[in-house]
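Using the sequences plus the hints, can you model the full thing?
Protein chains in written order, with the numbering used here: chain A, 120 to 791; chain B, 11 to 132; chain C, 4 to 490.
I should point out that these hints are in silico values taken from the structure, not numbers from a laboratory.
Treat the hints loosely; a few may be bogus.
DSSO-like mimics (lysine-lysine), calculated; alpha carbons at most 30 Å apart, straight line [what the hints assert, rightly or not]:
#1 B:K126 - C:K145
#2 C:K351 - C:K97
#3 B:K132 - C:K97
#4 C:K351 - B:K126
#5 C:K145 - B:K132
#6 C:K33 - B:K132
#7 C:K97 - B:K126
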Amino acid sequence: MKTSPLSLLALIPLLPLFAAGGTALMKRGRRSVAAGLVITAQAAATLVSLLAFLRTLGQEGSPHGTVSEIWNFPWLSLGDQTLSLGLLLDPLGAGMALMVSFVSLLIFIYSVGYMKEDPNFTRFFCFLSLFSAAMLGVVLSNSLLLTFICWELVGLASYLLIGFWFHKPEAAAAAKKAFLTTRIGDMGFLLGMLWLFSASGTLLFYDNGNGCLEQAALTTLATKTVCLGLAVSNGIALLIFCGAAGKSGQFPLHVWLPDAMEGPTPVSALIHAATMVAAGVFLVARMFPVFSATGIVSVALTTVAWIGAFTAFFAALIAVAQTDIKRILAYSTVSQLGFMMLALGVGSVTAAMVHLIAHAFFKALLFLGAGSVIHGVHEEQDIRNMGGLRKFLPVTFVTYAIGMMALCGVPFFFSGFWSKDEILHVAHQWPVSQGPFFLAAAAAFLTAFYMTRQMCYVFAGSYRGEAHPHESPAVMTIPLVLLAAAAVLMSIPATPAWPWFHGHYTGHAITLNLAKLVTHDFLTIAGLSVLIVATGIGFGYLLYRRVGKEDPLARFWAFGFAILARRFHVDELYQATVVRWLGWLGDLAVWIDRWIFSGIVRLVGALSRMASAGSDLFDRFSINLGFDSICDGLRDGGHLFSSWESGRVQAYLRFLGVGALLLLVILGWLLT
Amino acid sequence: MNTNYLFLTIFLAVAIIFPLIPLAIAWAWARLFSPPKPGHEKLASYECGIDSTGPAQVQFQSHYYLYALVFLVFDVETIFLMPFAAAFLKLEFSAFLTLMVFLLLLVEGLVWAWAKGILAWK
Amino acid sequence: MTNLLIALAPEAFLVITALVVLGIGVSAPKARGAITAATLLGGLVAAAALLLHPVDGNFLHGMVVLNPLARLFKLVLLGLGLVSVVFAAESFPKLHFAEALALLLFSMVGMMLLAGTEDLLMIFLALELTSLPLYILAAFAKESRASAEAGLKYFLIGSVAAAFLLYGLSLIYGVAGSTNLRVIAKLSGDPDPLLIAGIALTLLGFAFKIAVVPFQLWAPDVYEGAPTAAAALIASGSKVAGVFILTKILTLGLGHWTGTAGWGQFAPGWAPVLALMAAASVVLGNVAALVQSNVKRLLAYSAIAHGGYLLIGLCAADAPSLTAVLFYVIIYALTTAGAFGVVVIVEKQRGGSHLEDFEGLGKSSPVLALCLLVFLISLAGIPPLAGFFGKFYLFTSALANGRHLWLVILAVAMNAVSLYYYLIVLKHALVLPAPKETVPTAAPASKFLVVLLALAVLALGLAPNALIGPLSNGQTVKNIIINTLQK
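Below, the structure is given as structure tokens:
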């Protein structure tokens with residue numbers, strides 16, 4: 120293994136991994152030790168990510184373009200071929216790593232307070248740390264194989280965390296659903312990976328010119344075609360997109376994300392807001408060269424864009440009619456992920472990544488705030504039973520409002536505005552179609568609408584519940600404050616006036632140019648955004664200002680609302696089709712197993728029993744009888760020999776004499 | 011070799027026949043030449059003219075054998091002493107000591123027998 | 004002269020001790036403790052004389068020959084004798100106690116002289132010195148008819164055997180012209196018929212001593228009838244002495260006419276005769292023991308069988324098998340002495356030595372039962388006890404060159420049979436419950452010796468080289484073999 124400073128990159132995923140291992144071996148009672156170990160490891164990983172990030176800075180405008188350092192090591196040797204893995208340090212990965220480790224750190228600290236009463240505290244931290252390690256591995260990997268390995272580990276960790284309270288049947292079912300749904304996507308991922316390996320001969324991303332994301336391989340992939348004229352690169356990209364769609368909850372594999380809210384709130388915050396779901400977006404961003412090998416407008420990217428746009432709109436629609444505080448946020452996540460995929464599909468990696476990082480911060484903030492609310496009203500999650508909480512939970516209210524404004528895209532001071540604006544901008548400029556643009560705009564409107572609805576339901580009006588709400592402890596509110604600050608501060612590097620992110624990712628020079636803010640292009644889209652946001656918030660405020668137990672929209676449009684509330688019946692559709700078909704397959708498999716395979720086993724068993732019965736017969740009748748008769752013979756011999764000891768000396772001497780004579784005769788005969 | 015064994019065979023034959031001849035002669039004499047002994051008085055054992063009383067079979071005292079044993083031991087000792095005595099003048103002092111040890115061992119045996127009361131007739 | 008005295012010092016000390024004991028016995032016949040102490044003291048002095056100032060050499064034209072091997076065997080015989088003395092001290096009849104111990108000492112003197120001689124005359128003398136006291140000791144229990152019968156039978160058959168032996172030895176002398184074994188060894192050429200007769204009669208005489216077919220008939224009656232301590236010495240000491248001197252005669256003196264006993268490779272000599280005797284003893288001893296109900300009689304048949312095993316080793320007549328024979332006879336002697344020791348104690352407790360008298364031994368004296376286990380399992384030849392190694396070396400050396408395969412197969416098969424009767428005794432001792440409560444009679448010294456012997460058997464099993472080393476390195480075994488191998 121080459122020892123370069125880059126090998127220290129391995130520390131970033133390894134530290135949380137060792138912490139997870141250590142915590143796994145601890146006893147249940149050692150809470151502070153577990154928490155301390157995990158948080159320390161994560162802090163250390165954050166520090167190292169910071170150092171790595173710093174290393175990638177300052178290259179904008181230089182002749183190299185972006186920094187891209189690799190550290191590969193051979194992993195598996197099969198004869199002549201060697202499979203290598205590696206770690207990659209580039210702006211894309213470093214930024215993600217810093218974001219993931221920092222947000223994870225804050226959420227770990229938050230969990231200390233949130234999970235205080237839970238008896239399985241240690242196990243929770245073990246799984247958290249495992250997740251963090253795997254996610255960091257995905258982000259820093261230089262090999263599609265290593266990415267896949269860590270990808271699966273992320274899936275495993277999310278399964279363990281969603282089903283943390285496994286004695287609740289809903290949680291167990293949700294965990295299973297999440298795992299299976301993402302697994303379906305991962306099948307595509309695996310097929311894509313195999314195809315890539317066979318087509319290009321390597322799975323390393325960058326390898327001094329030999330990597331699969333480098334020019335030589337890309338040319339090969341783009342020029343080869345399979346059936347229907349589909350280029351190999353596009354085929355691979357589409358398959359990999361399946362995996363990304365599964366992890367990021369794009370339609371039709373979105374069904375697991377809302378159910379995954381059964382897990383504890385820190386889990387939802389970490390996994391389903393900030394990190395894991397972003398892994399799909401990150402994967403497409405990483406594999407972007409393959410996606411765009413045949414050009415910036417390719418079959419793969421077009422598919423990505425349309426699916427992203429549709430998902431954004433679809434999920435936002437459903438979010439309007441939900442009543443669980445976390446489920447609204449879950450659908451909101453799906454919707455925002457659609458935005459990111461849309462950005463990638465229309466060709467702008469930067470816009471997607473900016474939105475991803477910004478979204479990570481404010482979505483984590485919203486989830487943690489929701490957790491604080493739930494904690495404050497003693498585990499109540501239905502928004503219809505909340506209300507007026509701004510009086511009882513002031514810090515939570517303020518930070519939540521900041522997060523909400525960032526999500527909606529309230530202009531200028533909130534990062535969400537700049538990033539969403541950028542996405543609308545590039546979508547508008549897409550040469551293929553304006554459809555995604557309109558869908559995205561509609562989704563933005565709906566986002567503002569349902570977030571306002573949620574804020575009104577939870578914080579406005581008067582309290583409709585039965586518990587005594589109280590503010591959360593400092594260990595929970597301080598991370599909220601920090602994330603809120605980040606949500607605001609992130610807006611600064613995202614403006615076109617100072618396109619720091621843009622420069623950082625693409626290597627262009629970064630200059631402060633306020634003039635950019637007043638270009639025609641910019642003003643049009645920005646104005647549209649502001650209009651959309653204002654309309655949405657206004658509409659929502661009007662409808663839900665004085666909301667009671669019943670939803671005014673339901674009164675207004677009952678039929679539509681019901682469909683939205685039932686999430687377009689997608690789950691029921693899946694249950695009726697896919698699940699039932701799989702059930703039939705399962706029954707068939709059981710039948711084969713019971714009658715054919717165990718039939719063979721039972722046949723072998725019967726044969727063995729027959730053989731043993733035969734052996735037993737043989738043993739009983741031949742061997743035992745034979746042995747017994749030998750023993751009887753010996754006993755008779757014994758009686759015979761001992762009968763020679765008659766006790767009469769005369770007999771003895773006679774015997775002696777005869778024996779002597781015999782001996783003499785034999786000896787004489789032998790010697791002559 | 012064979013001639014030596016012939017000598018032995020003849021010797022053996024003579025040795026067997028030699029004692030048999032007087033026995034045969036005695037038997038023949040008793041048969042042919044002994045005077046008749048017809049009556050009770052003629053067959054009676056001589057007791058200086060007195061009639062014998064009691065059975066002629068006197069039961070042997072079995073512990074007479076003890077005296078016989080002790081006698082035998084000392085008789086064999088005497089046999090051993092004779093060649094020693096014959097060669098006494100030519101032997102060195104160590105030979106004398108050896109034989110003294112031998113004698114002493116046997117004397118101790120006698121002492122033991124005496125002390126155990128074997129020599130007292132019961 | 005002084006060297007001769009030093010060489011004979013152990014025997015001399017034993018004789019003096021015997022005389023002293025007789026003296027004490029005459030003056031204070033009830034002082035059994037003093038008598039025993041005097042005996043043991045004398046024995047220890049003799050042992051010291053044996054160990055501390057050894058002289059090696061050939062005295063009186065081979066009548067007294069000392070070398071490390073001879074000294075080892077003298078020591079072993081001395082030890083066995085002293086063990087019997089202790090057993091006798093605690094179990095012998097009270098009448099004429101001193102005489103009993105003196106007789107034991109005289110017998111030991113004879114055995115030790117046997118171990119250190121190479122002259123035919125001395126052999127016969129020592130043999131008689133060994134046997135005569137044992138005849139008397141066998142008849143020592145005056146109240147027991149069995150004892151008188153045992154003594155008488157032992158004496159009658161022993162005398163006949165001694166007569167055979169003497170006649171055989173004299174015939175050999177007649178042919179060879181000298182009584183020294185080494186001079187006899189120089190004979191060569193075709194065997195004289197006289198020599199044939201002499202060898203045959205010698206073998207007969209020794210067959211009696213070792214108790215092999217066809218001279219084994221005295222063994223069961225004598226072992227059963229004699230007082231157990233005397234039986235212990237008969238079984239252990241005289242067997243060792245007899246085997247040792249037979250080995251010497253056959254390999255040193257008569258090595259030229261060994262012959263072979265391999266199947267299909269019969270070569271005329273004394274080895275085939277020994278092979279036949281061995282085969283018959285092994286079969287008869289083991290099979291007859293199966294139906295015995297008296298433990299002493301059982302041990303007698305076992306002795307016959309073990310005599311057979313030893314003769315198998317003698318048939319092979321090369322260096323490893325002779326080492327194995329000597330090793331095994333010592334092991335066997337220790338084991339048998341220990342077994343008889345257990346019988347002594349059980350007899351004292353229960354008044355008999357039938358299988359029923361051993362019941363419940365595991366509960367009443369577990370230590371004793373454990374020792375019995377060790378002895379009997381060693382006799383059966385089960386690792387890791389010494390008996391296994393003895394049998395193992397015997398059989399492997401007999402199998403070398405594949406000559407005596409038939410004999411070894413027979414022996415191993417019969418050895419398997421023997422496991423039954425050893426285990427029967429152990430079953431009675433360890434498994435079956437005692438029929439009635441018995442008060443254990445104390446026999447502490449015997450118990451201690453029994454445990455010591457068990458430990459010795461165990462130790463020799465774990466480290467057999469401790470004994471094999473001296474036996475095989477000794478120049479003397481090589482000397483014994485040289486004559487054989489040179490011919």
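The hints, checked one at a time:
{"no.": "1", "hint": "B:K126 - C:K145", "in the structure": "17 Å, holds"}
{"no.": "2", "hint": "C:K351 - C:K97", "in the structure": "14 Å, holds"}
{"no.": "3", "hint": "B:K132 - C:K97", "in the structure": "22 Å, holds"}
{"no.": "4", "hint": "C:K351 - B:K126", "in the structure": "28 Å, holds"}
{"no.": "5", "hint": "C:K145 - B:K132", "in the structure": "19 Å, holds"}
{"no.": "6", "hint": "C:K33 - B:K132", "in the structure": "23 Å, holds"}
{"no.": "7", "hint": "C:K97 - B:K126", "in the structure": "15 Å, holds"}
In the structure shown, no violation is registered for any of the earlier numbered hints.
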